[in-house]
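**Student:** For this one, chain A is given, so just place chain B with the ligands on it according to the hints.
If you want the building blocks of each chain, they are given just below.
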Amino acid sequence: MSTLGLPIPYSRWRRTVQQYAGLVLNVFPPFIYLLLFFYAPMALLFVMSFWKSGYMELEPAFTLENYRAFLSNPTYRRIMWNTFVTVTGVMALLVVVGYPIAYFLARMVRRYDALLIYLLIIPVEINYLIRIYAWKIVLGRSGIINAALMYLGLIDEPLRFLLYSRTAVMIVLIHEWLPYVVIPVYVALKGVPQEIVEAARDLGAGRWDVFRYIYLPLSLPGLFASFILVYIPMLGEFAIPSIVGGPSGYMLGNVIESQFLAAGNWGLGSAIGFLLLFITLVLVAIVIKVTGLEELM
Amino acid sequence: MTIREGLQHGKENGLAVEHLVKRFGPLVAVDDVSFSVAPGEFFSLLGPSGSGKTTTLRIIGGLTVPDEGEVYLGGERITYWPPEKRDVNIVFQNYALFPHLTVFENVAFGPRRRGWPERKIREEVTRFLKMVHLEGYEGKYPRQLSGGEKQRVALIRALIMHPKVLLLDEPLGALDLKIRQELQLELIRIQEEVGITFIYVTHDQGEALTMADRIAVMNRGKILQIGDPKTIYEQPVNRFVAHFIGNTNFFEGQVVKVEGGMALVDVPGLAQIWGVPVGEVRAGLPASVSVRPEKMYISRHPPKGGSFNVLQGIVEDMIYTGVSTEFIVRLPTGQQVRVFAQNISKDAEIWKITWDEKVWVYWRPDRSLVFVE
Ligand SMILES: Nc1ncnc2c1ncn2[C@@H]1O[C@H](COP(=O)(O)OP(=O)(O)OP(=O)(O)O)[C@@H](O)[C@H]1O
Ligand SMILES: [Mg+2]
Chain A
1 MSTLGLPIPY SRWRRTVQQY AGLVLNVFPP FIYLLLFFYA PMALLFVMSF WKSGYMELEP
61 AFTLENYRAF LSNPTYRRIM WNTFVTVTGV MALLVVVGYP IAYFLARMVR RYDALLIYLL
121 IIPVEINYLI RIYAWKIVLG RSGIINAALM YLGLIDEPLR FLLYSRTAVM IVLIHEWLPY
181 VVIPVYVALK GVPQEIVEAA RDLGAGRWDV FRYIYLPLSL PGLFASFILV YIPMLGEFAI
241 PSIVGGPSGY MLGNVIESQF LAAGNWGLGS AIGFLLLFIT LVLVAIVIKV TGLEELM
Chain B
298 MTIREGLQHG KENGLAVEHL VKRFGPLVAV DDVSFSVAPG EFFSLLGPSG SGKTTTLRII
358 GGLTVPDEGE VYLGGERITY WPPEKRDVNI VFQNYALFPH LTVFENVAFG PRRRGWPERK
418 IREEVTRFLK MVHLEGYEGK YPRQLSGGEK QRVALIRALI MHPKVLLLDE PLGALDLKIR
478 QELQLELIRI QEEVGITFIY VTHDQGEALT MADRIAVMNR GKILQIGDPK TIYEQPVNRF
538 VAHFIGNTNF FEGQVVKVEG GMALVDVPGL AQIWGVPVGE VRAGLPASVS VRPEKMYISR
598 HPPKGGSFNV LQGIVEDMIY TGVSTEFIVR LPTGQQVRVF AQNISKDAEI WKITWDEKVW
658 VYWRPDRSLV FVE
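Residue numbers (our numbering), protein chains in the order written: chain A, 1 to 297; chain B, 298 to 670.
If we strip away everything but chain A, and leave its shape as in the complex, we get:
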């Protein structure tokens, strides 16, 4: 008991205040920051998506007109479909290419895996736009690939589908996002305790069984992190398609961008954005259900 007869001993009271102050000081600034610069604009855009909107005009109201305008437009629908197909395809390719790299780095390289990971990251440190323009040089009509193929006599004239096409968008997207697939999976695989692997071997699991029943399930959270980290931003991508995509590589991101910048129709732009967000969230939920990830998290 406190000698002063206070209901709470001073030392405890002081500790409580300190804890509280610590909490406020630590959590508040980032929270305010997020609120001001992230959630508030998001909310505003969300509200705007229900306003009456046209070229350079915006009028508070509650209407689903923007959503209807988007969904009833066959061109938009086609672009949306193309976007999902492209991005899903790229995601699948990223997993096919990235998973083995991550596995190799995490479980087969003895000493220099950290260095190799760094090599993988280096390109990311070059400016985003410069990297995309660099691909133009590689993929273009007289680009490195075409020049090499012609020199070798494998083709007579430059391959046209290499640049300004969906193929180009996919190639550049894969290059752009590969590290973000490799690293989370690498971390997950690296974290599998050696003892568990040994226990599995001891209980009769051969190398393939160990992969199938230990590494694969235990790396799913990493794969899921990659998915969140990569799939969702890819859906909104507009720089890559606008630089290397040409008309056939046009993506939903370009539509949104043009609604905000060229068409000045913020309401429609917001509506498309939120539709995209909604579809993505549904997709994420499906992925969690299908892979049974709740159990692992």
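Quick caveat, the hints were computed from the structure, so don't treat them as lab data. We treat Cβ as the ideally placed atom computed from N, Cα and C, and that holds for glycine. Careful, some of the hints might be misleading.
Said to hold, decoys possible - Partial list, computed: chain B residues near chain A (C-beta under 7 angstroms):
no. : residue
1   : TYR377
2   : GLU381
3   : ASN386
4   : ILE387
5   : ALA393
6   : PHE406
7   : GLY407
8   : ARG410
9   : ARG411
10  : GLN551
11  : VAL555
12  : GLY558
**Tutor:** Just chain B with the ligands, lined up with the frame of chain A:
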């Protein structure tokens, strides 16, 4: 049976390891280790931390390849077989349960790799869960279990495979005393029930003494002694074993003479003490005399007749433990000795002993051992 015959027998029927050596850089973690274990035997590897117990176990389990030596199981040389091919299973030092699988799936992991029919798996898993009192735990994940429960799952996950030999690496090391003792009894019961050979690694000498049929004492990668608990306790082959197993008083001195199968050691400032020589004891060599606390008498009077080693001292402390009383006696040299006296009757002479009293401590010469090293 000689060691050679024993090895031959182990090679043909049970498990045998011969001249195992494992080096990690300059460190020799396992240094020329040989022993054999008969089918159905409860064999314990006992030694302090870092003595090479786990490494030896891993070599038998196939998780570590030895630099030299061979492993035989049921007449076959299995030194280089991969772990999944060996009829041997391990219970790991810290369980190593699969975190993403339920208790049922953990236990069923081995049987599934062996391709047992699903019905048999269900029956067997249920039977083994029952054996360790874990009915109803099928759907739980390892993170939802207590230490003792995890330990039991790890145990039956290996047992269900019916290996020829089960390797247990300090399976009770992380548990508190009460659960430990409970599981010790359970382990002995299970071992008798399933009749599988156990190799049980521990650094707890009490555990080894109570559980094992035979014990191998290890230190710095070498096996110092193999024998049944009684032999290890009563006839340790060197100072380390005597010190590591049970409680012991040591007196350091020099051998005066060896005669009639006994050695006389001069302990400077104290006395000359007789004991049974162990190994190459010769006059002039430095030696330790070891005598266990329960083999000594304590009294307020000097012994009447008989041949005894006798020391005099002052009672410094008395610890009553119910079954016995432990006396701490300070000798003139300042050394302390521990003496256990059984609490036979409450008017016995020893009850009159009090603190700071002058007492005699004595024991029969054949109860002390003389080691030279
Ligand atoms: N993979 C390894 N690399 C290098 N040194 C090792 C390795 N494994 C074991 N050692 C060393 O070998 C020695 C024996 O280790 P081991 O694990 O067999 O001891 P232990 O008797 O099981 O000890 P504890 O009772 O602490 O478990 C130790 O000094 C240890 O540091
Ligand atoms: Mg160990």
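**Student:** Taking the hints in turn, state whether each one holds.
**Tutor:** To see whether the hints hold, each was checked on the structure:
no.	hint	in the structure
1	TYR377	violated (14 angstroms)
2	GLU381	holds (5 angstroms)
3	ASN386	holds (6 angstroms)
4	ILE387	holds (5 angstroms)
5	ALA393	holds (4 angstroms)
6	PHE406	holds (5 angstroms)
7	GLY407	holds (4 angstroms)
8	ARG410	holds (4 angstroms)
9	ARG411	holds (6 angstroms)
10	GLN551	violated (50 angstroms)
11	VAL555	violated (51 angstroms)
12	GLY558	violated (50 angstroms)
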